[in-house]
Every structure is written in structure tokens, then in C-alpha cells.
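The task is simple: from the sequences and hints, build the whole structure.
These are the residues of each chain, in order.
Number of protein chains: 2
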Amino acid sequence: MQKLKKFNIGLIQIQLGKSPSVNLNKAVSWIEKAAKKGANVICLPELFRSQYFCQKEDINNFDLAETIPGPSTNAISNICKKLGVVVAASLFEKRASGLYHNTTVVINNKGLIEGMYRKMHIPDDPAYYEKFYFTPGDLGYKSFNTKFGKISTLICWDQWYPEAARLAALQGPEVIFYPTAIGWHPHEKKKHGKAQIESWQTVQRGHAVANGIYVAAVNRIGLEKQDSKSAGIEFWGSSFVADPQGVIIAQASSDKEEILIAEIDQERIEYIRRNWPFLRDRRIDSYDGITKRFLQ
Amino acid sequence: MQKLKKFNIGLIQIQLGKSPSVNLNKAVSWIEKAAKKGANVICLPELFRSQYFCQKEDINNFDLAETIPGPSTNAISNICKKLGVVVAASLFEKRASGLYHNTTVVINNKGLIEGMYRKMHIPDDPAYYEKFYFTPGDLGYKSFNTKFGKISTLICWDQWYPEAARLAALQGPEVIFYPTAIGWHPHEKKKHGKAQIESWQTVQRGHAVANGIYVAAVNRIGLEKQDSKSAGIEFWGSSFVADPQGVIIAQASSDKEEILIAEIDQERIEYIRRNWPFLRDRRIDSYDGITKRFLQ
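Just so you know, the sequences run in chain order A and B.
Residue 54 in the numbering used here sits at position 54 of the first sequence, and the numbers go up by one each step.
Residue 153 in the numbering used here sits at position 153 of the second sequence, and the numbers go up by one each step.
Check the hints yourself; a few may be wrong.
The list cannot tell twin chains apart, which means a pair is met if one copy fits it or any two copies do.
As the list claims (entries may be wrong) - Heads up, simulated DSS-like pairs for lysine-lysine below, C-alpha to C-alpha not over 30 Å straight-line:
no.	residue 1	residue 2
1	K3	K292
2	K6	K189
3	K18	K37
4	K147	K26
5	K26	K94
6	K190	K3
7	K191	K33
8	K189	K5
9	K189	K131
10	K3	K191
11	K5	K194
12	K6	K131
13	K37	K81
14	K33	K147
15	K18	K33
16	K225	K3
17	K292	K5
18	K147	K94
19	K292	K6
20	K3	K194
Calculated from the structure, these hints are not laboratory results.
Given the structure is predicted, the values throughout are model-derived calculations rather than measurements.
Below you can see the structure in the form of C-alpha cells.
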């Protein structure tokens, strides 16, 4: 058999503070730590430059956006080049006045922008008012050839959509990263918290199984309040990596800053897909209805 | 709020023997037991009239097939009419000489055939030689309006395909049934058994979550050997029902005959989908690639 590649991914689970510049410096220093632990491809949590401002609709928050390339990609490019690592960085992208996206940039081991993915599925729920801030992505689903392996990035709310995982997986990556910002409404945690986090993990493990691919979810931690009156969101961390059979091979806590390292092994993908060859039997002649809103 | 429906489903997890007529009588008597326990809509395991003959390729096994309507649907129609229940029955359908399907028939509470679904995704793996026996379905994905609620049926290998679950769910059923025949190769059980059953359950719970729908998997139990030389398959039972958040609300053993009863509650579906409105945000403008084999 052809020799197949292995590489290490690093998931950075951190708490983010009020200051974007402090957050950026923190991200850079955690990228260094992850590289030191052996990570080749590193992913930051969703919108790591700020606290999760989508808890309220406030036009002043557009000040947090930046162009791509811009200050964040410049800083990350430098560290990527220095360390020879690849980083997936989720940013609040200013594309034009009045036109913003939730975007993940992939920066390669030479410090160059390999490409970007703009979040396709945009939520809008109490305290997650993303439709106010982000225009839905117009780049489609993406994969990126890196020195270490082929990766895809989707973002947070995308993780509930099997279509997104499939369309990423069909491009042949070894791993799908999901930079994420998800947590509990503090008043709901006791009653619904366990079921919420389990269904969040389950649906993503399901994508790993259905596509025979590694899935890596990278969340932030900590309680964030936009003002003293709000209960805020308690971000539930719990970053994890599932292997191509859906087995959890790395699991973070719900409340600690940490780096998860996991090995991505093409040979494991080959083995799993030989034994459960789901891609072989897709009935592509019968899937037209997927592009319809509803079928009744 | 509009008053929403509730009804009970019954999953029949049994062992099947060598004699098709004995199996049919057994199925009828277990339908009676399930109805007595309060089931309104009852589902039998995949191909319940026989042992799992697909363990080998033998043209004599085509003798096991029958027309629809035929002897099995007649027997089940009688019991449905008598008890006022709906039954989903998985049969080896003879459509014409040389043309056979793996088909689930839905028989309504008046004993009439409400419709049928022909398995769309056909496996072919060691000891699961289904491509030898079954032509892939040509009816597409189906749902059935019954007196109690709207149901869909998919079959076994379909459970690994998010597309199938989505295309069923978009028709508006409350529950998707998966009559199933899956088990361990005895020599693999120790090493791989746990991961296999977990990924089988996980991917289906994922369908429940992604679609905000109940999912009911109905498997057989018991070790079946096609001949004395083969190790056979140890069917792993473990039938279950997941609610629209992916929570397991009924779970059978891996080795006992039993009936699982679970309540299907439209109000629960409404509640879950209001809180996690995934159907609202599907990017149907971006899903064309789903009908392609691969995208690289």
C-alpha cells in the first residue's frame, strides 16, 4: 500500500477577554505552546479576537471587524512562518462598509494565506444574534492543501448541518475543523445543559462516521456578559476530536484552558473506509430534493 | 398553540429461525403483544420472515422472496385490521423474475397497504452480500400518513446516509423507522464491537438532532450461521428510540427478545425545533454538490 501521511493537530481552548490586542497576543503565545507540543496544524476558537459580541445587537461592535489580510492575519502569518505551522484563525471580516462575514482564514507554514472560508449557516437565537452582524458566506465549502495534509474548515452553527460536512468531506480532506463559540444560557444549564452538549457532540461525531473523516471542534471557555444586567453565556469548552469511526480520541474539559493534540492518520481513514465504505454507495441520482426547502 | 398529537410506537426485537412460516406467526403474535402494551405504530426487524440469508450468495435464496401484496402482507393486514394498529414490515420483495428489492410495506389500521419504501442504499460487505439479491430502490424516500401520525421508513444501510434521513425528514414525518439487520462478525467483536455499535447508534442520533425528529432503529438478535463452517453473524439487537434532540428515550438489550414502547410527541418536536431551528437556516442555494460523487 502507498505510504500514507500522519500529522498532528492542535486545538486551542482558551478564555477571551475584553481587549482584542490582548486576545491576539494570547492566541499567538498559545500557538507557540501548541507547536511546542508537536502540533502541525493549529485551530483557534471562533472569533478569538474578542468576547462573543453577538450577545447583543450594537452597531459599535462593527469596530471589532478587520480586513483580510489585516492586523490579525499579519500577526499570525509571522508566527506561522517562524514556527513552520499552519493555523486556522476565525475572524470578524470587514469586506466593505455594511458587509461583514464570520470568516476562517487558513495561514500556511510559510506564513501565506492559503485561503479562507466564510461561515455559510448563520444562527440567530437569543444571545446569538449573528444574522445582525454576518452576511452568509458566498465562497461555498472549502478545503485547503497544506504541507501536512488536506483540511477543511466549517464554523460553529455549520456543525448542525450534515450537508456542510458532506460537501467539505467530498473535497477529500482528512479533517474538518469547527471553530466554535457555544455555551449555556446560565438559567438553562441545570435543566437542559447535559442534553445540549451531548447533542452538539453527537451530531459532529455523526459527521465523522458518515464521512469517514476526523472532526475537530474548538470552543472557548468562560462566562461572558455584555453588560451587568445580562446573565451572559457560559461557554462550555469541551473541545474534542473524533476519529473517522466517531470515536473520541481527544477531549477537553468544560472550564479549563488547554491544548488538545491529536494525530490525524490517513491510514486510519483508509482502514475505516475500507471496512465501512459509505462513500461507495451514495445514491447521487436520488438526492435532488436536498436543494429544496421542504418536501410537503 | 394548536393541539398537537401524541402516539406510541412499538419496536419488536426478536430472534428469527429457519422457518419463514414460523417467523411470520411469531411476528403476528409479537404485534399482538406490542398492541396490548399500547403501541399504535409497530415496526418489525429487517427481513423478519427469514434468517439473514445475505450471508452468502445462493440463487436458491430467491425462493424466500414474495410479491407485495402477498402472503406476509395478507397475514399482517389481518392483524392490523383486527387490532387497529399500523405496521411497518420489511420484506424480500419479488417484483419480477430476476428483479428483487428489500422493501418495507406500511399497512394501516384498516389493514390496507398505505405504501411501500424500497431500500435505496444497498451494502455489500463480507457476509452482507446484499447487492447480489437486491436492486436499489426506485421509489425515492417516502413518508406515510397514518391515523396516528406521519411516519417514514428507511432500511438498515440507509442509516449511514445523512442524505436519506434529511430527504425523509423534509417530508414532515414525526419519526423515521429503520428496520435493521446488523451484528458483529464474532471474530471482530472483542476488538471492534464497542466502537461499531457506538458509531451505529451515534450516526442515527445525529440524524435525530440534525432533523429535529424521532428515530427508531429495530434490530434482530441471535447468532445466525448459514452453514456449519461459517462463523456467522451475532446480531446485536440494541434497538432504540432517540428523541428530536438525540436523547435515547428507549433502549433494548443486545441479546434479549423484547418490545420497546416509546411516545412520539409532536409537541416535543415543536419545542426542540423552536429552540434549535436548524431547518430555518439550511443553505439550499449551496447544496448542489451533494448530487456529485466526489468533488476533487
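### Query
Failing hints, ascending?
The structure breaks hints 7, 12 and 16; every other hint is satisfied.
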